[in-house]
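Visitor: Protein sequence lines correspond, in order, to chains E and D. Sequential numbering from 20 applies to the first sequence in the working numbering. Sequential numbering from 194 applies to the second sequence in the working numbering.
These aren't lab readings, by the way, just hints derived from the structure by calculation.
Distance condition first, Cα-Cα at most 25 Å in a straight line; then the derived SDA-like pairs of lysine to any residue:
{"id": "1", "chain 1": "D", "residue 1": "264", "chain 2": "E", "residue 2": "64"}
{"id": "2", "chain 1": "D", "residue 1": "202", "chain 2": "D", "residue 2": "257"}
{"id": "3", "chain 1": "D", "residue 1": "250", "chain 2": "E", "residue 2": "50"}
{"id": "4", "chain 1": "D", "residue 1": "202", "chain 2": "E", "residue 2": "105"}
{"id": "5", "chain 1": "E", "residue 1": "22", "chain 2": "D", "residue 2": "256"}
{"id": "6", "chain 1": "E", "residue 1": "74", "chain 2": "E", "residue 2": "103"}
{"id": "7", "chain 1": "E", "residue 1": "22", "chain 2": "E", "residue 2": "47"}
{"id": "8", "chain 1": "E", "residue 1": "90", "chain 2": "D", "residue 2": "234"}
{"id": "9", "chain 1": "D", "residue 1": "207", "chain 2": "E", "residue 2": "60"}
{"id": "10", "chain 1": "E", "residue 1": "90", "chain 2": "D", "residue 2": "292"}
{"id": "11", "chain 1": "D", "residue 1": "202", "chain 2": "D", "residue 2": "268"}
{"id": "12", "chain 1": "D", "residue 1": "202", "chain 2": "D", "residue 2": "270"}
{"id": "13", "chain 1": "E", "residue 1": "76", "chain 2": "D", "residue 2": "291"}
{"id": "14", "chain 1": "E", "residue 1": "78", "chain 2": "E", "residue 2": "61"}
{"id": "15", "chain 1": "E", "residue 1": "22", "chain 2": "E", "residue 2": "82"}
{"id": "16", "chain 1": "E", "residue 1": "22", "chain 2": "D", "residue 2": "254"}
{"id": "17", "chain 1": "E", "residue 1": "78", "chain 2": "E", "residue 2": "51"}
{"id": "18", "chain 1": "D", "residue 1": "202", "chain 2": "D", "residue 2": "213"}
{"id": "19", "chain 1": "E", "residue 1": "76", "chain 2": "E", "residue 2": "39"}
{"id": "20", "chain 1": "E", "residue 1": "76", "chain 2": "D", "residue 2": "293"}
{"id": "21", "chain 1": "E", "residue 1": "76", "chain 2": "E", "residue 2": "58"}
{"id": "22", "chain 1": "D", "residue 1": "250", "chain 2": "E", "residue 2": "113"}
{"id": "23", "chain 1": "E", "residue 1": "22", "chain 2": "D", "residue 2": "251"}
{"id": "24", "chain 1": "D", "residue 1": "202", "chain 2": "E", "residue 2": "122"}
{"id": "25", "chain 1": "D", "residue 1": "250", "chain 2": "E", "residue 2": "64"}
{"id": "26", "chain 1": "E", "residue 1": "90", "chain 2": "D", "residue 2": "237"}
{"id": "27", "chain 1": "E", "residue 1": "22", "chain 2": "D", "residue 2": "249"}
Listed here are the chains, written in short residue letters.
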Amino acid sequence: SQKIEQNSEALNIQEGKTATLTCNYTNYSPAYLQWYRQDPGRGPVFLLLIRENEKEKRKERLKVTFDTTLKQSLFHITASQPADSATYLCALVTGANNLFFGTGTRLTVIP
Amino acid sequence: NAGVTQTPKFRVLKTGQSMTLLCAQDMNHEYMYWYRQDPGMGLRLIHYSVGEGTTAKGEVPDGYNVSRLKKQNFLLGLESAAPSQTSVYFCASSYSSVDTQYFGPGTRLTVL
Numbered sequence: 020s021q022k023i024e025q026n027s028e029a030l031n032i033q034e035g036k037t038a039t040l041t042c043n044y045t046n047y048s049p050a051y052l053q054w055y056r057q058d059p060g061r062g063p064v065f066l067l068l069i070r071e072n073e074k075e076k077r078k079e080r081l082k083v084t085f086d087t088t089l090k091q092s093l094f095h096i097t098a099s100q101p102a103d104s105a106t107y108l109c110a111l112v113t114g115a116n117n118l119f120f121g122t123g124t125r126l127t128v129i130p
Numbered sequence: 194n195a196g197v198t199q200t201p202k203f204r205v206l207k208t209g210q211s212m213t214l215l216c217a218q219d220m221n222h223e224y225m226y227w228y229r230q231d232p233g234m235g236l237r238l239i240h241y242s243v244g245e246g247t248t249a250k251g252e253v254p255d256g257y258n259v260s261r262l263k264k265q266n267f268l269l270g271l272e273s274a275a276p277s278q279t280s281v282y283f284c285a286s287s288y289s290s291v292d293t294q295y296f297g298p299g300t301r302l303t304v305l
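Could you build the full structure based on these sequences and the hints that come with them?
Guide: And the structure:
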């Protein structure tokens, strides 16, 4: 069956450190992978998109990698801040143009 | 621009009652989506639309109907609500199928 797993339900990290979140998938052939941020009581907000032929994408303190051999994407937040505390969702866009979301990782940055 | 708006924000229904959730977007997007979000399940696609007058089933369409009579609006209907439909419902829109999706603030629905 198709599955998207995000490494852990919750991740705590000290302010200033780099947070690394993992998204693993099985039985998908994604054309794109997206990362979203969701704050409590709000809808997800788009952060980054990476295509299957791209290895890495950066935006300010954010970096995403995409390894189609390992079937894995890593999402990094460098110099993390308490304001980065949120749930982060990965989403796969398959060739059939369907979007499938992971269950998310709740990140807490401790001052 | 308001982006994507949803009404209502909260609703409590009794089993068997019906209701319609309204989603509106002012970005002239062709694509619109309805998701439900449940603890431990992530966001799951209920129905989507690729343009005015079109609708298609997503991953979990049973028990729901949708309509897209106007490009800016996407309605989600529950004809006979069941407790299993207790969830947070999100609407989203995008320019194309691979573009960023813009989400509304969500509707929290409880079915007793």
